[in-house]
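Asks: Read off the chains here:
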Amino acid sequence: MFKLNLKIALRNLWKNKGYTAINVGGLSIALAAFIVVILYVSYETSYDKDVPNYDRIYQVGRSLPDFKTEYTPAPLAKAIKDHFPEVEAVGRTKSIPFEFPMTTDHGRVYTTKALQLDQETAKMFNIVPTNGPDEEKDLKLNMYIPELFRKQLFPNPKTTFPQFIMLGPKAAAQQEVVRGTIDRIDQHSNLKFDIVAIGRDIAFNDQDYGTNNHNTYIQVKQGTDILVLEKKIDQLYKKELIKSGVPANDRRIAGRSVIFLDALKNLHLKPIAGNDTNYKVVMALLGLSILILIIACINFTNLSIVLATKRAKEVGIKKVMGAYRLNLTIQFIAEIFMQCFIALVLALALAEVMLPLFNSIFSTPLSIWKGVSSLAWQLPLILVVVTLISGIYPAMVLSGYKPVQVLKGNFQTSYKTLWLRNFLLIGQFGIAIIFIVGLLVVSSQLKYMRAEDTGFKPDQVLYIKNIVLFREPASFEPLREKIAKIPGVNNVTISSNLPDGSKPGTNTYKVDGKEATIDFIFTDYNYFETLGIELKEGRFFSKEFKSDEENGAIINETAVARYGLVNPIGKTIRGCGMDYKIVGVIKDFKSQGFERAVDPTIYTVKNPCSFSKDKILINVDQSRMSFVIAALKKQWPDINKTDGDDFRYEFVNELYGRLFKKQEQLQSVFLFAATLTIFIALLGLFAFSAFTIANRVKEISIRKILGATDFDVYRLLNSYFVWIVLVANLIAWPAAYLLARKWLDTFAYRIEMPLIPFITAAAISTIITVLTVSIQARKAVKTNPAAALKYE
Amino acid sequence: MIKIENLEKVYKTEEIETTALNGINLQVKEGEFVSIMGPSGCGKSTLLNVMGLLDKPESGSYKFIDTELLKLNDRERSNFRKRNMGFVFQNFNLIDELTVFENIELPLIYNKVAAGERKRLVNEIIERMNIVNRSGHFPQQLSGGQQQRVAVARALVTKPKLVLADEPTGNLDSSHGNEVMELLCELNEAGTTIVMVTHSSHDASFSNRIINLKDGHVISEKINKGRTEELI
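So the protein lines, in turn, are chains A and B.
All residue numbers for the first sequence refer to the numbering used here, where the first residue is 1 and numbers rise by one.
All residue numbers for the second sequence refer to the numbering used here, where the first residue is 1001 and numbers rise by one.
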């Protein structure tokens, strides 16, 4: 029986090769997209999943009145360990916030992600260095480098460790010992580092509760009530803080809970101290791929029902011969399973082709064959689900045919399936239209962001990387003078922050008795001139006013509004333990991109709150850019005597442009999704209209004999599908509008909801529908009526 | 073998009700060859479908060798049909995707006959029907007469007690039509009971008894003397 059914299935598929190709092809394209997204979702949701006690590890964070942070004071870890037996292990990490070179006789590399780890953290995260000594008794920090660096710094594979290495620029290098290597190139972890120093206590018994520069991780015992523990740690933290001198009524701790515990599994995608944009992107992609798959399944169902009429006779005969309905249902499900299986195999091949492109857009290392083993159980599940979704209905329709009707030859597809087919076609086009509108809205917003005035001019500004810390203007002056001498250089400055979307430090400042937490930027002369920021009132910092170095402050428009100042110039603003005098107000500029509204900000040349200034910015004549870069490169050892080994630079407009990357990714995804959904919907439409028209050849012939023109026939055949598409548009528009508005609302600076995308989507969907149907209709129009009616 | 009493069948559409069978009484003896004739719409095909358990009447009784068939559920009807009945249709109704051999084999598969036995039975009937050199062909590769031979072979391969034929020559020219009628006669002579619906008095002349239907009633029965005598 099985063999015979298989034969019927194969011969049928072969007989309807075209339809089979469309059916299987469409499904395989959608499946390929789905597989890629599944891989991506698995990858994104499985950060650190190989860590042994994944479910029991939490990061300790602090919730402050204005923001949440994952930074905690160094002694908190030990206090937790000492007080709460339900906490099995506590560890800390501390990152080194700047890049620095590592040098040996054989080469030099720059580390950008140096990390210090407590041994406990290393154990918790299963980080095991090779050549690691017994560290239990070792009090100092031991440094380990990854294989990649070892090859560059110690090319001889037989090198044995420990080895000496120079850290920092030559002029100020520090000799350190590399204890061994670490075999961890996988960045699939929340602890990212390129070199690591591990020690028993990375804070060396630091008892300062005032500085928050460590990340604290805890591993709890099985069955621990996290909410209870969170409360206990919160009380402990406040007690210790008060003990260290903070008043009990301080607004940061009084009457509110500060400490939160954030599960390791949430840290990558939706950390409490951060945003859940990544999570939303991942989930949106998953939803999107499910939609695409549904469209393909709809296609499959639709085409199968349409083709079912061709199988009606077979069903009738088999029933007469004694087949039960269940036999037939199983037979058809098995046939559809077979097609889905072929589609899945093709999809895997397609996914393999699509992955490199996807990886380049999303910066991921996804691969079908290695890494994410969950695909092994996901694929069979997908196959079964897709088979059932697309197969159940056609199988029920087919197996339900009444032999008496079928075998008499007066069989016609029931009108019962017609509404369903209409519904499925509308659904399919509706989804495609949503994607078209989405793509056009995203593109309009991106176009706006690229064209809109950001309030500053990053186009001709060079950012020079540097690890020397400058505090006083005098210390930077010699560098400024040398750089300014190069022809083509307009302005030079140094600052604590770049206008690249990074969040500056914040502090509480007070004007006229009103207190507010605002951003601060530690800067120098010529900062505003270098970045092309416009002055609103007062003046910029100037060497002519020596007091600027002592207490000059410039604030932005938003800060003026925040404090409600009418005449800000000359007013005193107090913060960081000193009084500043406001000398100027600048116009707001979008240093944070378009999603965040401009924050109230204060710029000062003196700043006791800030660590230091290290980011050198140079405004250059566009026409002499390459000359200036070449000159800087040549003279850099002389200009920056301490960090002069390598001249490293970036363009500020490129750094700022990276803020658009998320939107550009989204645009790519929508472009891809829109193309794919339209393509699949068209495949379905193509086959569906071909079939419908083939069934109407007799009708068309009669109409032609009665006097219908070619145009009449085209109009007749197209009108049904055009109606379908118009209804799909009407249904899809509100959904597309709501989704697009929700997305646009995530921007502080955005376009008004445009009308064009909706009209364009309607036009595109209608035109391609008419084209597709007309290609099919042409055959019917060209048929000789006499030939078509001969068989009557 | 067959005893039908007071059979009623009504077709309902949204607007009208049509009485297709209106109190039919009928008996068919084992080994008989009965023709059912009548104008279009008189209910002859409906009667055949009810006899073949493809359709259910509203009321009445249908006994097949003492078994009341109208009380059976779908599955039991299906089982009864595949063990006891064979069908020949006007439009042959062969499965286009299967070869001649596979088409004939199909009812045996549903009757769960073992593969070896199936092969033997199919080959036997193929030989008897004189279509040996066509067994690997697909239906579209055969002439109408040949297709109907295959359909007859398929109806007979399970050795059914009753063969139901619905206008078996309707789609054939006269020479192929005669060929098929002669085949049915041979089968009947070999002991198979046949009930045939036909428009053609020529075809009906091959049977033992002709039943005439009109508006769902049996209006006359005629014994075909020539054939009956032949039978005796």
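Keep in mind that the hints were calculated from the coordinates and are not lab data.
C-beta atoms are modelled at their ideal positions from N, C-alpha and C, and glycine is treated no differently.
Keep in mind that a hint or two might mislead.
Here are the computed distance ranges between Cβ atoms for each label pair [claimed, not checked]:
#	chain 1	residue 1	chain 2	residue 2	range
1	A	S367	B	S1143	16 to 26 Å
2	A	I392	B	G1136	44 to 54 Å
3	A	A284	B	H1137	55 to 65 Å
4	A	I330	B	H1137	49 to 59 Å
5	B	S1220	A	G18	50 to 60 Å
6	B	A1114	A	V384	52 to 62 Å
To spell it out: a stretch of chain A is covered by chain B in this simulated footprint if at least three of its residues, at any positions, have a beta carbon under 8 Å from a beta carbon of chain B; those stretches are [what the hints assert, rightly or not]:
#	segment
7	10–19
8	312–319
9	498–507
Asks: Please go over all the hints and tell whether each is borne out by the structure.
Replies: We went through each hint and held it up to the structure:
1. A:S367 to B:S1143: 16 to 26 Å: Given a distance of about 59 Å, which is not inside 16 to 26 Å, the answer is violated.
2. A:I392 to B:G1136: 44 to 54 Å: Because 36 Å falls outside the window, the suggested range is violated.
3. A:A284 to B:H1137: 55 to 65 Å: 57 Å Cβ-Cβ, so the 55 to 65 Å window holds.
4. A:I330 to B:H1137: 49 to 59 Å: violated, 29 Å
5. B:S1220 to A:G18: 50 to 60 Å: 54 Å Cβ-Cβ, so the 50 to 60 Å window holds.
6. B:A1114 to A:V384: 52 to 62 Å: violated, 33 Å
7. 10–19: holds (count 3)
8. 312–319: With 6 residues closer than 8 Å to chain B, the segment 312–319 of chain A meets the three-residue bar; holds.
9. 498–507: With 0 residues closer than 8 Å to chain B, the segment 498–507 of chain A misses the three-residue bar; violated.
The structure is inconsistent with the numbered hints 1, 2, 4, 6 and 9, although it conforms to all the rest.
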